[in-house]
Amino acid sequence: MADTAASGGAKGIGAHLGGHLRENGMLLALVAIVIFFTLVVRGMLGVDFLSAQNITNLFLQNSYVIIMALGMLLVIVAGHIDLSVGSVVGFTGAVAAVLTVNMGWPVYAVIPTCLLIGAAIGAAQGYWIAYWRIPSFIVTLAGMLVFRGLTLWLLNGQNVGPFPKSFQSLSTGFIPDLFAVGKPNVTALVIVAVAAAIVVWLGWRARARDAEFGITPEPMAMFLARNIVVTVALMFVGYKLATFRGLPNVVIILGLLTVLYAFFTESTTTGRRVYALGGNEKAAKLSGINTDRLVFLTFCNMGVLASLAGMIVAARLNSSTPKAGVGFELDVIAAVFIGGASMTGGSGKIIGVVVGALIMGVMNNGMSILGIGIDYQQVIKGLVLLAAVIFDVYNKNK
Amino acid sequence: MATLLEMRGITKTFPGVRALDHVNLTVEQGEIHAICGENGAGKSTLMKVLSGVYPHGSYEGEIIYDGAPLTNRGIRDSEAKGIIIIHQELALVPLLSIAENLFLGNEVASRGVINWPRCFQKTEELLKKVGLSEAPTTQVGKLGVGKQQLIEIAKALAKDVRLLILDEPTAALQENDSQKLLDLLLELKRQGITSILISHKLNEISRVADRITIIRDGAAVSTLSTAEITEERIIRDMVGRDMAHRYPDRVSNPGEVLMEVAGWNVWHPEQTGRQMIKDVSLTVRKGEIVGIAGLMGTGRTELAMSLFGHSYGRNISGSVSMGGKAVDTSTVQKAIAAGLAYVTEDRKQLGLVLEEPIVKNITLANLAGVASRAVISRGREQQVAEEYRRAMSIRTPSVFQKVVNLSGGNQQKVVLSKWLFTDPQVLILDEPTRGIDVGAKFEIYTIMNELVAQGRGVVMISSEMPELLGMCDRIYVMNEGRIVGELTRAEASQERIMALILKNETKAKVA
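Chains A and B supply the protein sequences, listed in that same order.
When we follow our numbering, the leftmost residue of the first sequence carries the number 1399, and every step to the right adds one.
When we follow our numbering, the leftmost residue of the second sequence carries the number 253, and every step to the right adds one.
In short, the hints are calculated from the structure, not lab data.
All C-beta atoms in this analysis are idealised placements derived from N, C-alpha and C, irrespective of residue type, glycine included.
It cannot be assumed that every hint is accurate.
When the alpha-carbon atoms are kept at most 30 Å apart in a straight line, the in silico DSS-like pairs for lysine-lysine are as follows [said to hold, decoys possible]:
| hint | chain 1 | residue 1 | chain 2 | residue 2 |
| --- | --- | --- | --- | --- |
| 1 | B | LYS411 | B | LYS432 |
| 2 | B | LYS394 | B | LYS453 |
| 3 | B | LYS600 | A | LYS1747 |
| 4 | A | LYS1683 | B | LYS333 |
| 5 | B | LYS600 | B | LYS394 |
| 6 | B | LYS399 | B | LYS381 |
| 7 | B | LYS441 | B | LYS453 |
| 8 | A | LYS1779 | A | LYS1794 |
| 9 | A | LYS1683 | B | LYS374 |
| 10 | B | LYS600 | A | LYS1680 |
| 11 | A | LYS1638 | A | LYS1680 |
| 12 | B | LYS411 | B | LYS380 |
| 13 | B | LYS453 | B | LYS374 |
| 14 | A | LYS1683 | B | LYS600 |
| 15 | B | LYS411 | B | LYS374 |
| 16 | A | LYS1680 | B | LYS380 |
| 17 | B | LYS530 | B | LYS441 |
| 18 | A | LYS1747 | A | LYS1683 |
| 19 | B | LYS381 | A | LYS1683 |
| 20 | B | LYS586 | A | LYS1680 |
| 21 | A | LYS1680 | B | LYS333 |
| 22 | B | LYS399 | B | LYS654 |
| 23 | B | LYS374 | B | LYS333 |
| 24 | B | LYS577 | B | LYS654 |
| 25 | B | LYS453 | B | LYS600 |
| 26 | A | LYS1638 | A | LYS1794 |
| 27 | B | LYS333 | B | LYS381 |
| 28 | A | LYS1680 | B | LYS432 |
| 29 | A | LYS1683 | B | LYS530 |
| 30 | B | LYS411 | B | LYS381 |
| 31 | A | LYS1794 | B | LYS394 |
| 32 | A | LYS1683 | B | LYS538 |
| 33 | A | LYS1794 | B | LYS654 |
| 34 | B | LYS441 | B | LYS411 |
| 35 | B | LYS654 | B | LYS600 |
| 36 | B | LYS654 | A | LYS1747 |
| 37 | B | LYS441 | B | LYS381 |
A few chain A residues that face chain B, going by a derived Cβ cut-off under 10 Å, partial list only [said to hold, decoys possible]:
| hint | residue |
| --- | --- |
| 38 | ASP1446 |
| 39 | SER1449 |
| 40 | ALA1593 |
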């Protein structure tokens, strides 16, 4: 038997890129798509694709997909699927509308109530999946029908609105400018700059710690290049937003949730266990992991995020409609798979999912600006999903 | 006799492992050629190269078949040339009928429409050839393993087989089924079909084989003709060292009782009224290796898994105490907390997360050990993994290697590391050397000796009696869910263990 120890040593940048082809590939694809639309939109319509208003729109339009994709990643990593999230979006939006508009509840009571209802919905579905071993496809397909029906019943088939200003600010609100300079919005700039600094600092600290334990770090050039790209992109977006109406509340929610879930999946014991569960449930169970409870909690979490997304969608439309959230589950699931999660569970990253969702969002937005019909849009999005997964499988088999 | 097959200098590498190293193999027309070797020696890999599972180009060396070079792109290519392999895991569809299975992918049809009468007629002819009297419409899943094995052979016959490869065909068979199968092989030989028979069982080989090639650690060591075949010679070639040195030396010095199980009863999880473990009591002392011997299916694994967090069975009753105190082992978490660890016999399905790296597998059962307040320290985790990599000499380029890429022996060391990291008092090792090459076996034995030297207790379940005799201080003999005897190292012998099992069988039959 050959002893193949003692390779290690200094890996070249090329080798490192190759090893992280998926993550870097999707990021490059996103950048390429943005550049493509910037050029084409300017060339054909003479408009700036990266205008402050359009960037703001991009976030407002896609926030709900990203938020739910965070939870869906966990569901898919655990080896399951949740088809009900679109209907849960509609249902919690409807509940929020009935509570605020019809019953006059204050907003600070409505939001936690809706989040709890989301958790309860997740628990109701997760219970059958985790403890009765009913396939998640079936349970959540049933949930999809049930909660769509309940939405219609609750709203009597009518739109309910408008929401009070404070509820709308969930989606369309902006962080107030504390420095009162006017434009550009200094608060927004400061927040983004601090966020960028924290990202770089965390990366640097992780690198230093790894070095302490003798882990071969990624090449310095690679580390610098990535951080420069990320910082520049963040500052650019921040500046653009600052010159328009400032930082949307949704962006803050998104940023915080992304950091939280990235930390949860990569650095906590529970996060690690979800991956082990998806990779090999029996082995995880025999290693002392309470796999049933973990599956149950994964669905509860999905329910909470779906209800948050439901309120954001309702706030954005300023009314709850029976059709809200129809087909959202497909966008969310597509974003997760474009982001590199494995169909069989056990692998996938938060950053990948966010990038996957942004790819979908930028394409939606760009194609709409170009006036491409919804028919072609669907075809193109479908092909992109297929291509991303084929790329994955091809890389694995190589 | 003409040469049917010649494999020259076959070399096949997987990431981190060289599975085959310049193997030569010559098979004559019309012979039964046995291939013998320890688990993991490379027999199955060699046959996968021959049958096109690993296509031409994914290995080095050349294959001459029937006078021409063989460049298989896949199994279909080799099957078209009459090379058919029957794997250890049968490739039958249990919910389809015998007739449908026999002609799967090869249907008796014209323009895609199946001619059922003709299909049934052909099926009956084939079934007659292999000596089976079953209706062609019988569901394959309803047949026993022995009959399924015969169906596989009939399936090969349906494809006009010239070279039949059987990978441990009798491993899961009862004695009389094995005899039937071997008789059939001899019958096929008379009809001019050449066979390659991979087997561990020396009595089978000497009964049917014309020649035998012995493979050890990925290389063909020797090819012997029937006249030269003796058990000693085969073992010496297979093992590469004398039997006396197969087990590392150890001074046995058992201390006080660590674990005590009393009145343990377990029922089958699905079939009501079927008791799998009957009133089992056993003790494990500090610094002691206790063996559990028994035939396959006597409930050894069921006993171990029911003890470890009630992972098997229903209506479990009985008591477990560790160090004199009664403990609750009703969930895996509680069992681990009580100081128990269970190394499964099926490491790929039950022991490892194959797509995860070594480091994450090692810490999986004790994540708290590398985390503070539920936050994992990557650095501490890697340190732990590196320590075990050194201590267990896990051969890998890096602890970030996915375990799926490791050899069986190294995978087993990862599983052992995982459990040692939980710092157990008693380890139950279920077939710890299954699917592992001889060198790694010796390493695992050495690790076991270190464990008991540290004052832990080890329970070793094994189907290989020489291994139990070589390693254990005490051996419990199990049969049909009961412990039917207990032998000290001095008393134990292969004969006495078999005698205890058989005596119990006759008793059971009388009662």
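_Taking the earlier hints as the rules, which of them does this structure contradict?_
4, 9, 11, 13, 16, 17, 19, 21, 22, 24, 26, 28, 31, 38, 39, 40
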